[in-house]
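Q: Listed here are the chains, written in short residue letters.
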Amino acid sequence: MNTTKTLSVLLAIAVSCLVLPALAHAATVSGKVLNEAGEPLPAVTVILPDLELGTFSDEEGRFRLENVPDGRHTIEFRFVGYRTIRSEVVVSQTELNALEVSMQREALLGEEVTVTGERDLAGELTGSSQSVLVLPPSALEERRGQTLGETLESLPGVSSMTMGPAISKPVLRGVHSARVLVLNAGITQEGQQWGGDHAPEIDPFAPARIEVLKGAAGVQYGAGAIGGVIRIEPPALPVDPGVGGRLNTNLFTNNRQGAGSLLLQGALRRLGGLKWRVQGSLRRAGDARAPEHVIRNSGFDERDYSVALGLTRDWMDTEAYFSHFGTWIGIFKGAHIGNTTDLKRLIEQGDPSIVGSFTYEIDNPRQRVDHDLLSVRSRIRLGGGGNLELRYGQQYNRREEWDSHARSGVIVRPGFSQGLQTHSGDVIFQHRNFGNWYGKVGVSGIRQENRRFSTGFLIPDFLAYSAGVFALESWTSGKTTVETGLRYDYRWMEIYSNSGRRATEIVEGGVFTYSNTTGVLGLIHELTPNTAVAANVGRAWRPPGVNELYSYGVHHGTAQFEIGDKKLDTESSLNTDLTLRYQGDRGRGELGLFRSHYKNYITLLPADDLVLTIRGAFPKFTYVQSDAVIQGFDGYLEYELTPDIDTHLSASFVRGRNTEERQPLYQMPSTRIIAGLSFHLPTGGRLLDADIGLEGRFVLRQDDFPEGIDYADPPAGYEIFDLGLRAEIAVADQPVRVQFGIRNLFNQRYRDYLSRYRYFIDNPGRNVTFGLSIPFGQPMEE
Amino acid sequence: MFRHHWNVLSILTAAVFVSAALTFACADDDNPVGPDDHDEHEEDDHDDDHDDDHDHDHGPGEAELITTLAVTLTPSGGGSPITVRFRDLDGEGGNEPVVDVLAVTAQTDYNGTIQVLNESETPPENITEEVEEEAEAHQFFFETLGGFSMATVEYADKESDYVTNSGADHPVGLSFTLSVGSAQNGELRVILSHFDEAPKDGVTRSDETDIDVTFEVLVR
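Protein sequence lines correspond, in order, to chains X and W.
Residues 0 to 781 (numbering that gives the first Met the number 0) make up the first sequence, in order.
Residues 0 to 219 (numbering that gives the first Met the number 0) make up the second sequence, in order.
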């Protein structure tokens, strides 16, 4: 029996334990049927034979099956002249079961029968009561090889804080680092996020999908989800026996970066259908180039890999994922200063005093960062009871920072080196519908230990335990969904004392405990079939970071003597947002308005005092808490002008204010508008798809900044234009994707307010990019 | 049936845990310093690492501590030398530095020398020697300020006094001459510039200042 050929692809929705958003949704299976050319296929029979449910696709290939009970069902697509597709779909109340099915003509009998099921939250009118943006595989493909910050910065409400081309961290609606939680394969990523120059340790080739939730989400995610959550999911594991994979390569001219990634995956016929995937990536770049200078020592050398194993049974899905991230990052030499006078002189001078020619070599000062993450996730189906989700995570983050030079001899060890080990576990029970109610309860625990190696001192060692318990329920009736939840968290932390000869090394330890209760209330209402309104009021909190408690010393690069405060209390936010969504035949859009009220917002403020040192006098800055408000709006609109021309527009506006000091908050992102136009090019023959696009990014100067904190006022606004060409070409029955782009087309000189090098040097100039993505073997799900 | 499930599951889980354990174990090889054994480990590590020219008690990668800058002035016509110090024994922050007041005599020329020390070590570490060794990457700059600006400072050394130098032979400033003349009370600022990438031209300060101290000057 030719079962393998007719065996369809299982949607891997259920494999990953997705928790975002935990909102009840009428259990509907919907989607679109397309032919091999990507055109809609009407009048296709869509049936769930076990349940005796069925429908036909409409003229646009769309279909919709309502009132489908929870569970695992067979689904069939039949159409005369086409191969019947028989697949399995796991229907869940919390997940949007949107399928895209591509049917093949009988005559073209090939292997490529793909059923993709993407929970397209961004596309769903009633997906979440908060603003959620999704970067699906296709969008990620275009951005491969770039850092997480760069990948996300085109999204409305998202900007990135950079330190040259190698280090960039996402800023969501004005907040970043400890206020944004990164969820990697279901596990909260625990790196050393206390430093502004510490970027999230994510292999840019690893995620198949990134979701960005803007706003407080303390009930679902616990401490840290103050400003939002970035959820990174590796690809779903395959089901079909056989081996397949993908090879990606990317080239960038600006820093002469070469990046490549190889992914291999398959499912075994034996061992109970064990699914597996291995993936490895390399990224190597030399010095980046601003339009008029080489940014000396800004290269990086990154090597990452991941392994995943998965198993599916009628009663459970389990997936284990292990990833390693490792990189060397050069720190721009011109940013290495001695004292306040040096910094002021460099700012006045305007141009970097250290110039040189391009090299791949990474010299001191530099960073070495390693991050290992293990995630084991299981979902156990409890028959009529619901689902039980188990998650375990273990992470080890090691960071080494190498000084510019020792006063004598060669540097053989880093100036400081620290390791952070985290164990985390979650148990979540999702109960079945109970009338109009649907929801889940869960507990989670974390153990964290930070250890310094025998090198210089920056932050003290600590051991911390956290525990949380939560319940999240939603109620749906007709076109309205109401969501509510409650969570309690407790954190215990012991800081170890440290002795030393230097004042900056002496720490008096102690035990700190923090606890907090958070809540959420959300509402989604479908106004018309094309529009919906969502509102959310949520709380979130975070304990003060160890740097905020214990900093004591001159901050490198900013020439500030920073002093922590052991008496800092927890910071909490009350976030209110209103989201309007539109989804029509020719376009879609979203407008979000938000206001976050912070209690005990932790910020660094000048203390009107100087610390006299042998290197000169440094202004004293202390960590203080005060009430603050961050508010603004952001949104996007995508519209199909003609069948061949698409346009998009997005805007982000954010303002932050320290309400006690009556002054603006420091380092709020500038207002930005992105507008773009893309043309579909004629296709045919081997050319499956092609388009060319032009995008402009218009960034205004940040005029709302506090006086007396910074040595330099915010830089001027700027406009950057990007050009891109994408094509999909059939080679040996596989869709090969080619991408060519020019970023900063006009080689514009500019300095971004959130660039930490803005005192010293311009942002990078023109960058010509080339990308190739070659699938092979058993087709991959997209 | 359940046994079968668990067999496969345990293989899977075991495989992942073994690989993870290996990785984490490797990552731990460097012996993080425990809270209770900081000093022990530190000493041990240093002993191990003393394979090069380091004979002081801190990691070679650590930015070295400079606690003290001493300026010694000897009247060129003879007389007893005067030494003033900027001293910050616990490094940046903590206790305030102690800065001496420099008392000089009008119409007098002095021969000056500079000493840089780390007095937090026992015995004090002489960083002057390191400046000498890296003479091509260091230079002292002197500024006479306020009423003292009439006084002039001239370099009295060259890189070639300390090292076999390649290229231009620029001054270092470890020894210098000070002519007080008719200057009045004011200040003397002493700066040590470190030249890493930017070339040293003998005139321009670098963007990396190792030392920047100012002494109050009384002229008698």
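Hint data in this document are derived by calculation from the structure and do not stem from the laboratory.
Glycine included, C-beta positions come from ideal geometry on N, C-alpha and C.
Just to be clear, a hint being listed does not mean it is correct.
Heads up, simulated SDA-like pairs for lysine to any residue below, C-alpha to C-alpha not over 20 Å straight-line [said to hold, decoys possible]: (1) 566(X) with 650(X); (2) 343(X) with 89(W); (3) 598(X) with 654(X); (4) 598(X) with 618(X); (5) 619(X) with 97(W); (6) 565(X) with 510(X); (7) 619(X) with 204(W); (8) 478(X) with 577(X); (9) 157(W) with 95(W); (10) 343(X) with 618(X); (11) 157(W) with 112(W); (12) 619(X) with 705(X); (13) 598(X) with 696(X); (14) 157(W) with 131(W); (15) 619(X) with 577(X); (16) 31(X) with 141(X); (17) 343(X) with 157(W); (18) 343(X) with 174(W); (19) 566(X) with 683(X); (20) 619(X) with 95(W); (21) 343(X) with 131(W); (22) 343(X) with 715(X); (23) 598(X) with 641(X); (24) 343(X) with 95(W).
What the simulated footprint calls covered on chain W by chain X, stretch by stretch (three residues with Cβ under 8 Å from a Cβ of chain X suffice, anywhere in the stretch; the number is not a length) [as the list claims (entries may be wrong)]: (25) 86-97; (26) 207-214.
Beta-carbon label-pair distances, calculated as ranges [to be verified]: (27) 157(W) with 346(X): 31 to 39 Å; (28) 167(W) with 691(X): 51 to 59 Å; (29) 167(W) with 665(X): 28 to 36 Å; (30) 715(X) with 183(W): 26 to 34 Å; (31) 355(X) with 157(W): 22 to 30 Å; (32) 658(X) with 144(W): 53 to 61 Å; (33) 144(W) with 346(X): 34 to 42 Å.
Q: Hint by hint, where does the structure go against what was stated? Just the numbers, ascending.
A: 1, 2, 4, 7, 9, 13, 15, 16, 17, 18, 19, 21, 23, 24, 29, 30, 32, 33
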